[in-house]
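Visitor: If you want the building blocks of each chain, they are given just below.
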Amino acid sequence: MDIKLREVEYRYAAGTPFERLAITDVSFHIPSGEYVAIIGHTGSGKSTVLQHLNVLLKPLKGEIEIGRRTIVAGRKEKNLKDVRRRVGIVFQFPEHQLFEETVEKDICFGPFNFGVPMEQAKKRAREAVQLVGLPESVLERSPFELSGGQMRRVAIAGVLAMKPDVLVLDEPTAGLDPRGRHDMMEMFSSLQKKNGLTCVLVTHSMEDAARYADRIVMMHKGRVYKTGTPHDIFRDRDSLTAIGLDVPETVRFQRLMEAQLGRPLSRLCLTPEELAEELSRMRRESL
Amino acid sequence: MMEKIILGRYLPADSVIHRMDPRAKLMFIFGFVLIVFLANNVATYALLGAFTLFVVFLSKVKPQFLIAGLKPVIILILFTFFLHVFFTKEGELLAEIGFFTIYKGGVIKGIFISLRFFLLILVTSLLTLTTPPISVTDGIEALFGPLKKIKVPVHELALMMSISLRFIPTLLDETDKIMKAQMARGADFASGPILERVKAVIPLLIPLFVSAFKRAEELAVAMEARGYKGGEGRTKYRILAWKSRDTVSLVLLAVLAAALLVLRS
Amino acid sequence: MGDSIISIERVSFQYPDQSDFALKDVSLHVQRGEWLAIVGHNGSGKSTLAKMLNGLHYPQAGHVTIGGLELCEENVWTIRVKLGMVFQNPDNQFVGTTVQDDVAFGLENSGVEQTVMKERVLTSLEKVGMASFLNQEPHHLSGGQKQRVAIASVIALQPDIILLDEATSMLDPLGRDEVMETIRELKEREGLTVISITHDLEEAAKADRVIVLNKGSVYTEGTPQAIFQMDQELLQLGLGVPFTVKMSHLLAEAGLQLSKRHFNEEELVKELWTLNFEK
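Chains as they are written, first to last, in UniProt numbering: chain P, 1 to 287; chain B, 1 to 265; chain L, 1 to 279.
Heads up, none of these hints are tricks.
In silico negatives: residues of chain L with every beta carbon more than 12 Å from chain P:
(1) Ser7
(2) Glu9
(3) Arg10
(4) Lys24
(5) Gly62
(6) Thr65
(7) Gly67
(8) Gln114
(9) Ala131
(10) Met180
(11) Asp208
(12) Ser217
(13) Gly222
(14) Thr223
(15) Ala226
The calculated lysine-lysine pairs, modelled on DSS-like cross-linking and capped at a C-alpha distance of 25 Å, are:
(16) L:Lys82 with B:Lys229
(17) B:Lys177 with P:Lys221
(18) L:Lys51 with B:Lys229
(19) L:Lys127 with B:Lys236
Because the hints were derived from the structure by calculation, they are not lab data.
Heads up, the beta-carbon is just placed ideally off N, CA and C, and yes, glycines get one too.
The whole structure should be built from the sequences, with the hints applied where relevant.
Guide: What follows is the structure, given as structure tokens:
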């Protein structure tokens with residue numbers, strides 16, 4: 001399912017003396033099945049954009065096309081359930097939303113709200129815990145006796161059980177340890193590849209954006225600063241540093257290496273694995 | 001949705017009213033609440049109104065903030081007004097609309113009572129608009145200090161108040177976040193029959209409680225780590241200073257009370 | 001041991017409802033003026049250790065001595081003045097309604113006189129670069145700023161040791177840098193002893209010494225350079241390795257000549273060049 005934003009604007013506390021512009025003139029396209037990363041600093045408007053993708057916030061100007069539905073500023077929008085089901089959002093620290101007595105009931109909350117019958121919802125809950133790498137036995141337990149990392153997986157399973165077409169992730173690995181972080185990012189990537197999910201990742205990690213994204217949207221001060229493929233974005237270090245971001249460590253290392261070698265490598269490497277391979281190839285050629 | 005609440009917010013600025021000692025402000029308001037009831041005719045209400053406008057002027061608070069803050073109570077004021085208009089049967093008969101009768105006395109009384117109400121709310125919201133909540137707490141703690149002698153835990157209550165004040169914005173933020181997370185999972189807080197709506201609040205309330213308890217626990221640990229072991233032996237960072245302007249404000253209030261006593265019928 | 005400011009001797013601790021020991025026969029020493037990083041993944045015992053150093057748990061076996069004082073209920077309040085703690089969640093340790101009230105909170109608790117308090121609040125906020133935020137309320141601050149205020153609150157009490165209990169794990173990259181830079185400056189200027197409990201390997205790399213905890217015991221200890229030589233072992237413990245170490249490993253695997261796992265980026269580049277590309 002494609003999502004297109006056209007000149008979207010949003011203000012918090014609109015019409016009060018505390019009004020504050022959050023985003024303006026935001027236009028970009030999330031093509032079906034792609035992995036899109038949104039990068040930018042805290043306060044750049046990333047989170048506001050994200051909440052428009054399933055119409056938790058309605059634009060004050062512009063419009064958003066979500067599949068066949070178009071949300072236009074200033075128009076009363078009724079029955080947003082279908083949009084909400086098709087675009088699942090995993091918020092930051094999603095374990096804070098758990099509330100049911102058992103993991104199973106909590107995961108079924110979403111499907112129930114969207115009218116999925118009991119038996120089917122339970123079946124989905126079983127599938128969802130498997131997808132997030134938890135044993136089925138966890139279904140009967142209280143979510144509050146699980147470890148932090150497990151709670152987060154349960155919360156993500158709760159969104160996956162809605163069977164969304166688009167999965168929106170707001171800093172999904174914040175606060176996890178290195179292994180947890182790696183496993184979770186790999187999980188989303190395989191969901192996107194195997195299940196054909198469209199993924200939107202809001203992140204501070206240039207490394208994750210470089211490794212996983214097909215397309216990157218850079219946000220700055222409530223506007224879209226630049227969009228492009230990871231190669232386009234990370235080739236141009238100046239435009240990143242101009243808004244206080246930087247290239248991934250791999251790219252920085254490649255530039256150092258190029259300075260030492262006195263010539264550029266044949267391509268821009270986005271992951272350490274790629275760079276190691278490229279340098280090894282160069283060495284073989286030079287022998 | 002939470003950011004629209006204006007009533008009770010503090011607006012930092014620099015004015016005589018902002019600089020007043022919170023104890024003086026609290027005493028002033030207490031006194032004002034009492035003497036408002038002295039007004040009972042056009043002259044006294046005019047004097048009271050003029051005095052209030054003067055205070056608003058001194059506070060340098062923009063009228064739009066006061067009006068925005070008053071919005072939620074306007075319905076209440078209108079309700080009192082119509083209650084008196086329709087149910088007071090004094091003076092000459094002005095109109096008769098079906099079942100209802102309107103008397104002149106009722107209209108006058110309605111105006112007076114809602115004006116009284118209006119002035120009270122205006123002055124109290126001026127307190128919260130010009131005084132940081134922490135100063136209000138300090139003022140209350142100082143004024144109620146003597147109660148410590150009869151074993152009222154004044155310090156603990158004041159600390160509780162200031163911590164609650166500090167966490168209100170944090171919890172409002174959190175409510176907003178959890179609400180959105182559940183809405184993203186298809187929860188509907190806004191429509192349906194009343195029983196459904198009450199049930200819909202559970203997915204919001206439980207996470208809020210869980211997080212509030214977690215916060216309380218962590219906060220208690222952090223306070224202990226910074227050496228908090230009760231009110232005993234503690235010093236105070238904020239020291240209230242009673243200035244001549246504070247005395248003047250209370251004298252002015254006394255003069256107003258005297259004038260009202262003279263002018264009332 | 002030379003000049004150790006904290007010594008932990010054969011300490012064990014077990015939570016009432018659990019079968020495994022959270023800490024098992026742990027011995028370690030912290031030298032005055034050093035920056036010690038304690039790393040380990042979740043469940044390694046590092047947060048139990050942090051709580052113990054602040055007297056929230058007492059050892060069930062063994063002894064903990066902090067600044068010459070044995071950790072026990074009698075000494076705990078004195079120890080809490082010597083050892084200040086910065087916790088993980090920036091919001092849940094902000095007690096005051098404004099920045100200055102928060103810094104003053106600890107001073108009020110120790111009965112410091114008001115005029116002295118005023119001065120100390122200001123100087124500690126200056127030291128963390130937050131002096132212009134005196135009257136700011138916490139919900140208007142970023143996570144990094146709140147943590148800097150927490151640091152100011154700690155140093156206002158003039159402790160010898162500052163303990164960071166995953167103090168940067170909830171921050172964005174800018175906030176993280178901001179806090180680490182503040183700590184580094186403070187350590188240099190004030191001669192503080194810093195203990196950072198973390199799972200962020202980049203943070204650990206800045207320390208003088210690293211202790212790795214695993215399953216409640218000290219797994220190994222050494223300089224960051226030495227610790228990060230054992231990259232695959234660290235990964236198996238659920239920890240990560242800094243970028244250059246990871247890069248060295250991948251390069252070696254891809255058949256390039258390297259003498260060791262490098263820790264310094266420039267050294268790695270130089271060696272890659274001399275051993276592989278220089279003709």
